[in-house]
Amino acid sequence: MKARYLLPVTVFLVIVAVFGLVLYQINQGRNIREVPSPLIGRAVPQFELPLLLEPEQTFSSEQLKGRVSLVNIWASWCVSCRYEHDLLVQMSRDTDISIIGINYKDERADALKWLRDTGNPYEASIFDYDGRAAIDWGAYGTPETFVVDQQGVIRYKHTGPITEEKLRDEIMPLINKLREAGDTA
Amino acid sequence: MRMVLVFILLFLVTARVAGEMTLSNPEDEQRFNDLSKVLRCMVCQNQSIADSNAELARDFRDQVKEQINEGQSDAEIIDYMVERYGHYILYRPPFNMATAILWTGPFILVVVGFVMVVRTMRRQEQSQAGTNTRQQARLRELLEKSADFDDKGG
Numbered sequence: 077m078k079a080r081y082l083l084p085v086t087v088f089l090v091i092v093a094v095f096g097l098v099l100y101q102i103n104q105g106r107n108i109r110e111v112p113s114p115l116i117g118r119a120v121p122q123f124e125l126p127l128l129l130e131p132e133q134t135f136s137s138e139q140l141k142g143r144v145s146l147v148n149i150w151a152s153w154c155v156s157c158r159y160e161h162d163l164l165v166q167m168s169r170d171t172d173i174s175i176i177g178i179n180y181k182d183e184r185a186d187a188l189k190w191l192r193d194t195g196n197p198y199e200a201s202i203f204d205y206d207g208r209a210a211i212d213w214g215a216y217g218t219p220e221t222f223v224v225d226q227q228g229v230i231r232y233k234h235t236g237p238i239t240e241e242k243l244r245d246e247i248m249p250l251i252n253k254l255r256e257a258g259d260t261a
Numbered sequence: 013m014r015m016v017l018v019f020i021l022l023f024l025v026t027a028r029v030a031g032e033m034t035l036s037n038p039e040d041e042q043r044f045n046d047l048s049k050v051l052r053c054m055v056c057q058n059q060s061i062a063d064s065n066a067e068l069a070r071d072f073r074d075q076v077k078e079q080i081n082e083g084q085s086d087a088e089i090i091d092y093m094v095e096r097y098g099h100y101i102l103y104r105p106p107f108n109m110a111t112a113i114l115w116t117g118p119f120i121l122v123v124v125g126f127v128m129v130v131r132t133m134r135r136q137e138q139s140q141a142g143t144n145t146r147q148q149a150r151l152r153e154l155l156e157k158s159a160d161f162d163d164k165g166g
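So the protein lines, in turn, are chains A and B.
Residue 77 is where the first sequence starts when you use the working numbering, and the numbers rise one by one after that.
Residue 13 is where the second sequence starts when you use the working numbering, and the numbers rise one by one after that.
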């Protein structure tokens, strides 16, 4: 091959390789819309909001401290929340991990009906009627799931419905690791 | 008294439906317009919050208006959003290590393209010049040959 073709052909092959790699990752289930959250490694945003089931009581960010918890932003109108709901219900039955819900821009009656109909995996659901708390959590696509450690620091975020694989390969190992670290500390 | 209550209720209802906060003066409006053009709607991703009708974009706009009304500066409002959503939320990303290629890429491409055009043109000129001398040599050769032939035949 002539030397003058070397550069253009190399550039072309590199571009093809990059496209191929990204397509392969999408095929393997990578969500290219997912934006890395700057909140990972930082303390949870401050909030104090009423509970969905007990409107006269409030729940504050301080109450997330002291144990590892899974924080899940959900809504009854959110279609993809249905995909992960059974997993959360199963998790609440099979493990002792506290799952805290943030009910996002929902009508109370709709949200209560949804929990009655499909099961309630949440230790507590926070009622975020105007969606302001969710903005503080950097939410942009329900459902969103966070792992919060004993110190109230966000360790993990997943946008979109969690899957069995995500739960098994990423979320559970992280929760177990954080729990062990917390026990020895 | 009843009418007043009805009015208050109606106002609350419309305020909730419209969901848009108000700004008190034209300068604030201008600031709001500028800010909402540089902030990305995270749901639609290729629209600013000024262009988007998505629910989240509306919430972002309310958030920005509220912060303007609280007297926060543009930088404070942008920081607030970046803290939660990362630099991705900015339509005008800052220049740093991660965005260096983004900012300099087009200029590098222009320079590389220019260099390539110049090189190609020079090479063509050279090869053209090369053909000319070769062709002239061949022409001379042929002419000489035919001259010989003429001499011999004539």
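To be clear, the hints were calculated from the coordinates, so they are not data collected in a lab.
A hint or two may mislead.
As the list claims (entries may be wrong) - Facing chain B, according to a computed beta carbon distance under 10 Å, are these residues of chain A, among others: (1) G117; (2) L125; (3) P126; (4) R208; (5) G214; (6) A215; (7) A257.
Idealized CB from N, CA, C, for every residue including glycine.
**Asked** Any CB of chain B closer than 10 Å to the CB of P126 (chain A)?
**Response** Violated, because the Cβ-Cβ distance from P126 (chain A) to chain B comes to roughly 17 Å (cut-off 10 Å).
**Asked** Does R208 (chain A) meet its interface restraint, that is, does its C-beta lie within less than 10 Å of any C-beta in chain B?
**Response** holds (7 Å)
**Asked** Does A215 (chain A) meet its interface restraint, that is, does its C-beta lie within less than 10 Å of any C-beta in chain B?
**Response** holds (8 Å)
**Message:** Given a cut of 10 Å on the nearest C-beta pair, is the interface hint for A257 (chain A) held or broken against chain B?
**Reply:** violated (26 Å)
**Message:** Is the interface hint satisfied for G117 (chain A)? The criterion is a beta-carbon contact with chain B at less than 10 Å.
**Reply:** For G117 (chain A), the interface hint is violated, since the closest Cβ of chain B sits about 13 Å away, which is over 10 Å.
**Asked** Under the criterion of a CB-CB separation shorter than 10 Å, is G214 (chain A) in contact with chain B as hinted?
**Response** holds (4 Å)
**Request:** For the hint on L125 (chain A), just tell me whether its beta-carbon gets within less than 10 Å of chain B.
**Result:** Status violated, d = 16 Å.
Consistency note: the structure conflicts with the earlier hints numbered 1, 2, 3 and 7.
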